[in-house]
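K.L.:
These protein sequence lines map, in sequence, to chains A and B. If you're matching positions, the first sequence starts at 1 in the numbering used here and goes up one per residue. If you're matching positions, the second sequence starts at 318 in the numbering used here and goes up one per residue.
Calculated from the structure, these hints are not laboratory results. Every residue gets a Cβ at the ideal spot worked out from N, C-alpha and C, and that includes glycine. You may find that some hints are simply not true.
Partial selection, computed: residues in chain A whose CB lies under 8 Å from chain B [claimed, not checked]:
{"#": "1", "residue": "Pro98"}
{"#": "2", "residue": "Ala113"}
{"#": "3", "residue": "Ala114"}
{"#": "4", "residue": "Ala168"}
{"#": "5", "residue": "Leu290"}
{"#": "6", "residue": "Leu292"}
{"#": "7", "residue": "Pro300"}
Stretch by stretch, here's where chain B covers chain A in the computed footprint (C-beta under 8 Å, at least three residues) [to be verified]:
{"#": "8", "segment": "100-107"}
{"#": "9", "segment": "118-130"}
{"#": "10", "segment": "263-274"}
{"#": "11", "segment": "277-287"}
Using C-beta positions, here's what the derived DEER-type ranges look like [stated by the list, open to error]:
{"#": "12", "chain 1": "A", "residue 1": "Leu79", "chain 2": "B", "residue 2": "His536", "range": "34 to 40 Å"}
{"#": "13", "chain 1": "B", "residue 1": "Gln498", "chain 2": "A", "residue 2": "Met121", "range": "35 to 41 Å"}
{"#": "14", "chain 1": "A", "residue 1": "Lys136", "chain 2": "B", "residue 2": "Val381", "range": "47 to 53 Å"}
{"#": "15", "chain 1": "B", "residue 1": "Val433", "chain 2": "A", "residue 2": "Gly279", "range": "15 to 21 Å"}
{"#": "16", "chain 1": "B", "residue 1": "Leu321", "chain 2": "A", "residue 2": "Met121", "range": "57 to 63 Å"}
{"#": "17", "chain 1": "B", "residue 1": "Thr503", "chain 2": "A", "residue 2": "Phe125", "range": "55 to 61 Å"}
{"#": "18", "chain 1": "B", "residue 1": "Phe448", "chain 2": "A", "residue 2": "Arg276", "range": "34 to 40 Å"}
{"#": "19", "chain 1": "A", "residue 1": "Thr256", "chain 2": "B", "residue 2": "Gln498", "range": "52 to 58 Å"}
{"#": "20", "chain 1": "B", "residue 1": "Met376", "chain 2": "A", "residue 2": "Gln308", "range": "37 to 43 Å"}
{"#": "21", "chain 1": "B", "residue 1": "Ser529", "chain 2": "A", "residue 2": "Ala198", "range": "31 to 37 Å"}
{"#": "22", "chain 1": "B", "residue 1": "Met376", "chain 2": "A", "residue 2": "Phe23", "range": "28 to 34 Å"}
{"#": "23", "chain 1": "A", "residue 1": "Lys136", "chain 2": "B", "residue 2": "Trp483", "range": "39 to 45 Å"}
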Amino acid sequence: MRNFLIWAVVAVALIILPNLVSFSQQEVLVFLTINILVVASYRLLTLTGEWSLGHVVIMGVGAYASALVTKELGLWVPLGILVGGASAAFIAFLLSYPLFRMKGFYFLIGSFAAGEIIRLMWKRFRDPFGGAKGIKGIDPMPDFSIGIYQFDFFEPVSYFYFSAVVVALCLWILWRIEKSPVGLTFHAVHWQDKLAQASGVNLRSYRTLAFVIASGFAGIAGALLAHYIGTINPNSFDVEVMVFVLTWAIVGGTGTFYGPILGCIVLTILNEIVLRELGLEQTRPLIYGLILILSILFMPNGLESIVQKFTRRKEAK
Amino acid sequence: MFELLAQTGLNAAYAASYISLVAVGLVLIFGVMGVINFAHGELFMAGSYVVVALYADRMVPFFVAVVAGLIFVGILGLIMERALFRPLRDNPLGGLVASIGFLLILQALAVLGFGVRMEYVPPLTQDVIVFADKISIPVARLYVIIAAVVMLSALWYFLKRTRFGWALRASAQDPEAAALQGISVTQTAMIAMFIGAGFAGLAGALTAPLVSVNPHMGHTIIVTAFIVIIVGGVGSLEGAVVASVVYAFVHTFVTTFYDGVLADITGLSLMLIVLIVKPTGLFGSADRA
Chain A
1 MRNFLIWAVV
11 AVALIILPNL
21 VSFSQQEVLV
31 FLTINILVVA
41 SYRLLTLTGE
51 WSLGHVVIMG
61 VGAYASALVT
71 KELGLWVPLG
81 ILVGGASAAF
91 IAFLLSYPLF
101 RMKGFYFLIG
111 SFAAGEIIRL
121 MWKRFRDPFG
131 GAKGIKGIDP
141 MPDFSIGIYQ
151 FDFFEPVSYF
161 YFSAVVVALC
171 LWILWRIEKS
181 PVGLTFHAVH
191 WQDKLAQASG
201 VNLRSYRTLA
211 FVIASGFAGI
221 AGALLAHYIG
231 TINPNSFDVE
241 VMVFVLTWAI
251 VGGTGTFYGP
261 ILGCIVLTIL
271 NEIVLRELGL
281 EQTRPLIYGL
291 ILILSILFMP
301 NGLESIVQKF
311 TRRKEAK
Chain B
318 MFELLAQTGL
328 NAAYAASYIS
338 LVAVGLVLIF
348 GVMGVINFAH
358 GELFMAGSYV
368 VVALYADRMV
378 PFFVAVVAGL
388 IFVGILGLIM
398 ERALFRPLRD
408 NPLGGLVASI
418 GFLLILQALA
428 VLGFGVRMEY
438 VPPLTQDVIV
448 FADKISIPVA
458 RLYVIIAAVV
468 MLSALWYFLK
478 RTRFGWALRA
488 SAQDPEAAAL
498 QGISVTQTAM
508 IAMFIGAGFA
518 GLAGALTAPL
528 VSVNPHMGHT
538 IIVTAFIVII
548 VGGVGSLEGA
558 VVASVVYAFV
568 HTFVTTFYDG
578 VLADITGLSL
588 MLIVLIVKPT
598 GLFGSADRA
């Protein structure tokens, strides 16, 4: 009952929140919602101990797939988003054959190479990917009404509600996966790989499974992004974006489910709202870099370690 | 046809020179400290901007500016070692993230100091050595090739023939055993960082008049350097040099006969194939990862 109340309060707060902020901040909220899904899906992969540098390109696969099937084949947009997720998962499945011959540092670099190859393909082949200019005029979500609320997708608020529902649903599924026996096996693959193997766990197929699931959700996030901004190009998914995802995960901490999400929220608010309001447009990357260095030096376990300190103290009392 | 091949070969030799300077530095840092320096491309960029600031803006002689670039970026490397990599010695992923932070800072400083525009660096000399009809090399590019050969030979001599060099190779092979022999890990890390960063700065300074200098130029450099160190074998200096030559030839030839993006795809595929078939690279022996 108490949990239900907390979630109800969170839901009401999320419904009210976008009406209190400025238009540009509403847009930030939409991006933030999508990025939360990206970073939460990224964590599922890091559960097995592998760090990928191709996650953002996989997200781009979802964006391109959804944009193409809705634009060229006239598919209904919500179905297109699902197709985006499925394509990203499928590409990840294909990539898993070469990539999971590697581990650790080699996987990191290998995933980067595979991602860059996909990205450069988009750039090279104008048909159907649109070359360096990418795809423009992607179909927006069709407006609809649920009786009490009219969804008008020219308004960021409406898209925020829509993406928040989709992302919440995805997060719930990710959470259930992590708490299921499969999720526990992912932990075992990371921390007790020899023991897991001796107990009959096929390490490689579990790594592949984590990679495919994580990629599927990243693809959904990419599709959500594509139908919001309406235009995508290869540079929307380059390694600089990947660096942001990596820092959200590391600054937040990957020990808990909420760690990376916390990192994403805190750093986005800091970067997009606080620093922007202070008018430090050109020094933003500098301060961001400084925060990154300071947090890795003085908070190696991430923001989640601070949260844990407080919750533990409460329990001790 | 022969002219085209010979000319492309000369262009590739020039590309191989500066790529190998950058890649050797990256390998040296990885070998001694076990950290992947993501900011290496930005160290190259910093070297270029030293030349912009001294040679292009203040009329300092080019070669003085180049030496200043080497020393300045070497000192940047020492700062990175002291402030980032030393406290994070037991946290390799942390070192990588910290170097990403440093990368953002260097880029922002370049934007603040010089703006986002491309810098114009007046050419050092317009002279061109003509070997035959349609086969020629600009003298400015020849300087880069000579400097790379001289510096890499000097590094080879330093590593194989001097006590510091031995100490450095020892701590790259087995840090614990080296420490037990009384080799200071901190000292070798500082030397490796100064040389590694300084080489990147040197490459950036030398090529400043030949490439478009802008705050984001480090990106292509670091991607290239990654390909080269993987193909050559992580931790192998000889491998890095050989792979630089191979990569430069493949890339230059594909660019000349097809196009640049296809050349990038080819380079990355080369790296992926090496990773799949022989992850330790062409010259790598021990598995460090």
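K.L.:
So, for every hint listed, does it hold in this structure?
P.N.:
These are the hints, each one checked on the structure:
{"no.": "1", "hint": "Pro98", "in the structure": "holds, 5 Å"}
{"no.": "2", "hint": "Ala113", "in the structure": "holds, 5 Å"}
{"no.": "3", "hint": "Ala114", "in the structure": "holds, 6 Å"}
{"no.": "4", "hint": "Ala168", "in the structure": "violated, 29 Å"}
{"no.": "5", "hint": "Leu290", "in the structure": "holds, 7 Å"}
{"no.": "6", "hint": "Leu292", "in the structure": "holds, 3 Å"}
{"no.": "7", "hint": "Pro300", "in the structure": "holds, 6 Å"}
{"no.": "8", "hint": "100-107", "in the structure": "holds (count 6)"}
{"no.": "9", "hint": "118-130", "in the structure": "holds (count 4)"}
{"no.": "10", "hint": "263-274", "in the structure": "violated (count 0)"}
{"no.": "11", "hint": "277-287", "in the structure": "holds (count 5)"}
{"no.": "12", "hint": "Leu79(A) with His536(B): 34 to 40 Å", "in the structure": "holds, 36 Å"}
{"no.": "13", "hint": "Gln498(B) with Met121(A): 35 to 41 Å", "in the structure": "violated, 50 Å"}
{"no.": "14", "hint": "Lys136(A) with Val381(B): 47 to 53 Å", "in the structure": "holds, 50 Å"}
{"no.": "15", "hint": "Val433(B) with Gly279(A): 15 to 21 Å", "in the structure": "holds, 18 Å"}
{"no.": "16", "hint": "Leu321(B) with Met121(A): 57 to 63 Å", "in the structure": "violated, 28 Å"}
{"no.": "17", "hint": "Thr503(B) with Phe125(A): 55 to 61 Å", "in the structure": "violated, 50 Å"}
{"no.": "18", "hint": "Phe448(B) with Arg276(A): 34 to 40 Å", "in the structure": "violated, 56 Å"}
{"no.": "19", "hint": "Thr256(A) with Gln498(B): 52 to 58 Å", "in the structure": "violated, 43 Å"}
{"no.": "20", "hint": "Met376(B) with Gln308(A): 37 to 43 Å", "in the structure": "violated, 58 Å"}
{"no.": "21", "hint": "Ser529(B) with Ala198(A): 31 to 37 Å", "in the structure": "violated, 56 Å"}
{"no.": "22", "hint": "Met376(B) with Phe23(A): 28 to 34 Å", "in the structure": "violated, 50 Å"}
{"no.": "23", "hint": "Lys136(A) with Trp483(B): 39 to 45 Å", "in the structure": "violated, 60 Å"}
The structure shown violates the earlier hints numbered 4, 10, 13, 16, 17, 18, 19, 20, 21, 22, 23.
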